[in-house]
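Novice: Next come the chains, spelled out residue by residue.
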Amino acid sequence: MEAPVTDTNRTESTHDVDLDKVRSEILSKYPTKVARKRAKQILVKPGGAGTDIPEIGANVRTVPGILTQRGCCYAGCKGVILGPTRDVINIVHGPIGCGFYAWLTRRNQTRPASDDSPNYMPYCFSTDMQDENIVFGGEKKLKQAIQEAYDIFHPQTISVFSTCPVGLIGDDIHSVCREMKETLGINIFGFSCEGYKGVSQSAGHHIANNGIFQHVVGLDDTIRGGEFRINLLGEYNIGGDAFEIERILDECGISLISTFSGNSTMEQFANSHTADLNVVMCHRSITYMAEMMEKKYGMPWIKINFIGARATAQSLRKIAQYFEDDSLTARVEEVIAREMPAVNEAMEANRPLCEGKLAMLFVGGSRAHHYQELFSELGMKTMAAGYEFAHRDDYEGRQVLSSIKVDADSRNIEELSVEQDPDKYRLRKTEEELTSTGQIYREYDGLIADMKPNTFVIDDISQYETEKLIEAIKPDVFCAGIKEKYIIQKSGVPMKQLHSYDYGGPYAGFKGAINFYREIARMTNSKVWSYVKAPWEKEPELTATYAAA
Amino acid sequence: MEAPVTDTNRTESTHDVDLDKVRSEILSKYPTKVARKRAKQILVKPGGAGTDIPEIGANVRTVPGILTQRGCCYAGCKGVILGPTRDVINIVHGPIGCGFYAWLTRRNQTRPASDDSPNYMPYCFSTDMQDENIVFGGEKKLKQAIQEAYDIFHPQTISVFSTCPVGLIGDDIHSVCREMKETLGINIFGFSCEGYKGVSQSAGHHIANNGIFQHVVGLDDTIRGGEFRINLLGEYNIGGDAFEIERILDECGISLISTFSGNSTMEQFANSHTADLNVVMCHRSITYMAEMMEKKYGMPWIKINFIGARATAQSLRKIAQYFEDDSLTARVEEVIAREMPAVNEAMEANRPLCEGKLAMLFVGGSRAHHYQELFSELGMKTMAAGYEFAHRDDYEGRQVLSSIKVDADSRNIEELSVEQDPDKYRLRKTEEELTSTGQIYREYDGLIADMKPNTFVIDDISQYETEKLIEAIKPDVFCAGIKEKYIIQKSGVPMKQLHSYDYGGPYAGFKGAINFYREIARMTNSKVWSYVKAPWEKEPELTATYAAA
Amino acid sequence: MLLRHTPTEITDRKALMINPAKTCQPIGAMYASLGIHGCMPHSHGSQGCCAYHRSTLTRHYKEPVVAATSSFTEGSSVFGGQSNMLQAIDNIFTVYEPDIISVHTTCLSETIGDDLTQIVKKAYDDGKVPEGKHVIYAPTPSYVGSHVTGFSNMCKGIVSGFAEKTGEQKNQMNIIPGFVEPSDMAEVKRLATEMGVKTVLFPDTSGVLNGPQTGRYHMFPKGGTTVEELKSTGDSMGTLALGSFASSLAAKFLDTKFKVPCRVLPLPIGLVATDRYIDTLRKFAGVTVPDSLTFERGQLVDVMTDMQQYLYGKKVALFGDPDQLIALTEFLVTLDMVPVHIVTGTPGKEFESTIADLTRDSPVPVNIKSHGDMFQLHQWIKNEPVDLLMGNTYGKYIARDEDIPFVRHGFPILDRVGHSYFPTVGYRGGLRLLEQILSALLDRKDRDSSEESFELVM
Amino acid sequence: MLLRHTPTEITDRKALMINPAKTCQPIGAMYASLGIHGCMPHSHGSQGCCAYHRSTLTRHYKEPVVAATSSFTEGSSVFGGQSNMLQAIDNIFTVYEPDIISVHTTCLSETIGDDLTQIVKKAYDDGKVPEGKHVIYAPTPSYVGSHVTGFSNMCKGIVSGFAEKTGEQKNQMNIIPGFVEPSDMAEVKRLATEMGVKTVLFPDTSGVLNGPQTGRYHMFPKGGTTVEELKSTGDSMGTLALGSFASSLAAKFLDTKFKVPCRVLPLPIGLVATDRYIDTLRKFAGVTVPDSLTFERGQLVDVMTDMQQYLYGKKVALFGDPDQLIALTEFLVTLDMVPVHIVTGTPGKEFESTIADLTRDSPVPVNIKSHGDMFQLHQWIKNEPVDLLMGNTYGKYIARDEDIPFVRHGFPILDRVGHSYFPTVGYRGGLRLLEQILSALLDRKDRDSSEESFELVM
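Chains as they are written, first to last, in full-length UniProt numbering: chain A, 1 to 549; chain B, 1 to 549; chain C, 1 to 458; chain D, 1 to 458.
It should be emphasised that the hints constitute simulated quantities derived from the structure, not laboratory data.
Just so you know, not all the hints are guaranteed correct.
Said to hold, decoys possible - Calculated lysine to aspartate or glutamate pairs in the DMTMM-like style (CA-CA distance at most 25 angstroms, straight line):
id : chain 1 : residue 1 : chain 2 : residue 2
1  : C       : Lys222    : A       : Glu467
2  : C       : Lys252    : C       : Asp275
3  : A       : Lys527    : D       : Asp99
Here the structure is a predicted model, which means the values were calculated and not measured.
Next up, chain A with everything else stripped away, as it sits in the complex:
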């Protein structure tokens, strides 16, 4: 289990590594059954233009015992989707750990409207289930916990999350929630997001989408904001990304009705169906919401991306294109023109420090795709990328959606049946009108399409594979999560967390791009890595006793 120290001045040669050979070597270590499974999830993107996008194994079970980056359904539901919303009391029903680990660990920043606006995010609420609750059932305790939360805090909304044992012992959290909702007269609902559901966090995203859609979206029909009204989907405001995007949208005169979910409130979710367009950042975690809202309320969605300066400009233009308003288009161009000089200056300053260097990205959701924008702006090549919890469409594009087989693990995650709302449905634009805007809606081409030839695409990469990749390709920077960070750095490779940003950020939008350029230039040029070897390791021989000059 050793990866050698990276030496400097070796990036050129590693462009020529035979990736198929590396792949074979990796697979050879596994037991046959495991190797067969992993073979489907480890692709080398073929060279040559115009080649078809190959099929990849994704959203399948992790093999027990193989060290994975993945978390659980609960993490996807409570940790990712519901975590960043400040005006709800999220009660974790279960033993204390699940609540504890999801407490303030994701850097979701939030900005309450005023000093006395609700913000429960710094709190951790749990029923702290004990022995006897497992044996005799926890419903009574849950009910009491909701009552106590209400008595102390008087929130507008309480939600409940089931953890593994809750499902097994059969606590009916939904009926408890319904009962307490009636009793207390506030919105209370639950999520059956037990950790064992699905194969990764992904199941939890879906469950969270369903819950918010059913219990919150559509509750408030007030029309707020200005002329150009959108929801931003799949932006969790890690390190202030959402603040930067909010700033840019605001300067463009675009009203953000809600963000799912970063710097967000239940109030905004309740009102979100009144927007005119959904723009989707994270294709994996939140597109459910875009699709359900379109069906029920009639607004279309587009995939956008605010990671990378060019991507940000492009995304703004796409939004303007939808609204087909000259003044908006002009204003968007104005903002882009105003922001880009500083971005270009930073890009030019840092590019010479980064050009030709190699990156690897293994993070969940869409980031392993989006961040390639920023690396490419720095002249860096992404040699390997993959997702933690993606489905095939995230890799291959939505055109494969119909061909994805639903397996046992996915079948258990409810697919809501959504109908047009008899009162609130409002078709924003007909298909013809959409087509005439000159862009494609409800589309995403996936990660593989954007990868350079002769690069790795790996789904649910294992610790073992990570080490082997580093050994073979010697990247200059590796992006993943906290569990991977110090393992990678021990090999002498600087590692950037793209979940938490290592207390950095924002990296979205224009200012975020500047931050990222500087960060990567720092990481790949820092002196500290040159001190890894001690002098006596470099020159171990001894020259008898020292003779003084």
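Take the given structure of chain A and dock chains B, C and D to it, following the hints.
Specialist: This is chains B, C and D only, laid out in the frame that chain A set:
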């Protein structure tokens, strides 16, 4: 050089120690000549009432090689008297050390009138004499330094202090000061306070008194303040003592025209001759000023003491007595009545923790006398006391002044010849009027009179004697300075610095008394001293291999 | 205010825990397993547990933390996790090649009722465990006790998995250091070594979770207690268990099963507790305390006496793990400080009585709670303010809201470094703690001083 | 503002020093003398010097600091101090019974022209020095150099007073640790010992100025280099002088007089300088670096790589002693930090060129000054603000006025404890410094964060 650890519950027995025997033992260690000298400076106060005050050797040279508490003339002049005044730039003319050591080390607190009032006390100004200045003379550098200080800071006053080599090489700082005073048009004057002058800091006090009296006092005749106008002499505002005294005087309706010198300004000194009474705290360091002011300007002085609650009350009454004003007397009594309940409460709370315990006090000036008040209020006995730089009158009372022989060391310290000021002299009260106030002026009975029988009075105590005293008498608390602090504590005896108060205070006035009660109760009752011995030192024998229960 | 909704008024809660001062068993078991050389911890449950535990340990230690998981699916939850675990054992030994797999359970596998003894036996029987390799295990249901309990259970799992009695007593002491930092484990061992006592210290995460940067990643670094050492624990002269909550279970197991006599002591944090550790070891092993340790002790006492004025009477609020709190409380009392609010999330009535006993001479009433939470601690602080807060990183929210000087201590510390390199146990550790406490108090003094009372010499 | 009169505009000063970053020679000599076992330092001058030096050293170490003085009067200043010194030698040996008296001069006795060589000879001739006792000495005029120069002169005084050559080389290295803390001296020695190198380290104030509280006062505690060791320095294999300003003089004396070859190295503060110390010792003594030290080194590198983002590009202002500043500057540069204002009060042009060389790749202009002062440093900071200030306690006034995070380092530290117990030299010392720097920066980050960006995990 070892003193044994103090054990607890031993204070009773140590009342019976034969001090004469201890004295003999101490002296027996010294070479004959030294022993003879020290014998005059180590007294055992005789038992029985009405005995005469014995004569003590004081203000004589320290024997070379015998570790002394004393400092030098410069320390007394710059460090003690001139240090606490904020609106003067004090330039130390000499190598850097003298300036450096006197920089912010005395805890003289000061409170400028406003955010832009001058306060040069956090600064250290020095001519930083080098080799070539010693060889070729430093007058030119001094002149240039004064010019630079003026150019940067534009102060109203600059003063200059000579250090050892300056006197030897013959720099005439006074002519430089006169010249620069003329050139710059601000008040500039110097002190020839070379470290080798006199036998202790005391010489420096005298030189400082002379300088301030000659160059500052009397410059501003404006009448300020209310009906009852006094100067407070010998209060250096260590740890905020002066602030507490100011508070009390203010509440009594007594106007403080100046303090020599704590929380003080040159402006106040210049105006101090307009006050009606001088009250003297530190008999040693500042009585020169009281006497000179009385001669030149006509106001009398009384010895007072604001250390100790009863002493504070008594001192206020003495001031009121001088002014012979019923409303003042009433107001003073009102203040005392208002302040004393809290004092008494603290006294009663802490006295049981301290009663019967033993103290020793060896600090300069009057503190070794004054602080006995506070210890006695706690029911503690002062078993030994003495001064660092006192003269015989500080021990024996001013009645011996005329019998003190002036030796070579003292003769070199100038005695100003002071005459009545033809214009500004104003006799405040005739001798008859003074007598009719019912108290005695210009008087001080000294330390010995207040000591209990069978106690030690030691002048300029040495390190060796300190150790022997601790060994023989095992005090519960020892008061001295920073140099002594950890030596004493290593013997297991808590030590209180009465120069710097160990970052404590204020201890003056009513609130100060409360602080001190608490401080001494803490020190003499703290658990930490009970942990000095390790368990294996207390019970070193081994009980074979441990057998489990 | 960050915790703007925390009211001063305290109401009784029976069901809702808010801002816990504990987490769940498995993470403690994982930490203990990492202190065995060549060991891969394995989490028998759904993969989120393992991910969360690895993340939290990684954030605290800023070091690689590897562990495998049975990756339960809904199917395994219904039909039991045996097949997942057998598959995992096979894969781990094949791909990662550890010497040992150390399995702990989760609430999930415990609720299902998976029988580890039986599954592990099957793994051996089926030949899934290569020759010379080992699988050990401990049940660590998340709904009982806390992370400390999990640590304790795994310590027992370690000795029950390895300890043997040859009948020939070895001139060595077993020491179970408790749920402390790698630096603390090294220091506990150094103190014993300095006394000339040979020890088997387990678990021992020093060198594992505070390892060097060498440019090569070693999944199984040099540190950790070896199998050989662990086997020999049944032949030792005795066992010192440091911290009753974390360490007594394993010690008692060795006592009961192999008649290795044990003594349970508080963690050696602070002067008196370190004295107790040293003196017990001295008597147990029949050695003399070397001057070097008496010297270190004297240095600590010296700073205690010199700095006493800054400590005396200062009120402190503490939260964390029971063994840590018991030792810290004793140290603070020794320093004449006044612990007034003390909360652990770990259940256990003996905690409250022990702390009550240590603080019986307190000048003010003392609030003590086991199985409490930080919400309650915060409310207590609002009602009775303190001069200092000590606890893990989560305390920073209270410290900021209430403007209290804050010393980070305990688990987890997510926002500073140092804890894993510099011990707080032993006399040197006492000096470090004292320095931290004094710096916190004096920094505050400097900050709050008016200009006139801002001073050079303190 | 505390330093309210300090203007941003910088004017040239030729004569007035304001807020010095140095003090005078004798205190350095006194400190060096305290590192000799059984030695009473003696200040040949007026008694204020001795009182000031003892006070300052006491405040910094919070330990007993004894030293005697010739107690010059006006008479001695005119007629010379010989009689005072002879009397002092007699009294000291009689009353305090040291093994050694170590005399240093002052500006006073130097200006008078007292000849120590002659006076000491007379003391021996007159029988004032008991059999087996010693008087050593060094000239330390206060108007030349600084306290560092005094330390250096006394180091030379020590070897010139004791060193002998028997002709038989000893398998040992002389190490002169420089003007550093007792803890640093112990650490320098520990590192050598860990390498299996026998050393004579002098002076050695460990155990003297960081001694234990035992309930008994020992005027001459166990620590300090012994006479026997000092005598043997002439027979050593070589001398390592750490810090050219403080240590090279004595090393070169041994080289010139006894042909003991010397190497002068920067103080081993930080990674690279410690590497240099270890590697030089390795080559000099022909030993292998043990894994334990490579491990310690790796721990330091690990924290450097892990925490690099918080350090990178941070601007630092530094003041203090030249040897310390040279090593600190190198360490900061190694950490990708940016030292921008660097001031020592000690004169010496090589300081400026050395620092300029170390910072030659700096992204911003660097202000460097030897024989400078803190007033100038403060003005530089006003013109070019910094993220961190490092220096002795006097820096707190600038830090408060300019609201800069402040790490106390150097001499004197009058308002905190720790420096005398925990080294900053060596790899462990580097970890401590790094922890202090990070804590200062992260505390500030926490303080200045808005509520929305106040975070748990850093």
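Novice: Given the hinted pair Lys222/C and Glu467/A, is their Cα-Cα distance within 25 angstroms?
Specialist: 19 angstroms, holds
Novice: Going straight from one Cα to the other, do Lys252/C and Asp275/C come out at no more than 25 angstroms?
Specialist: 23 angstroms, holds
Novice: Holds or violated: Lys527/A with Asp99/D, Cα cutoff 25 angstroms?
Specialist: Violated, at about 51 angstroms.
Checked against the numbered hints given earlier, the structure breaks only hint 3 and satisfies all the rest.
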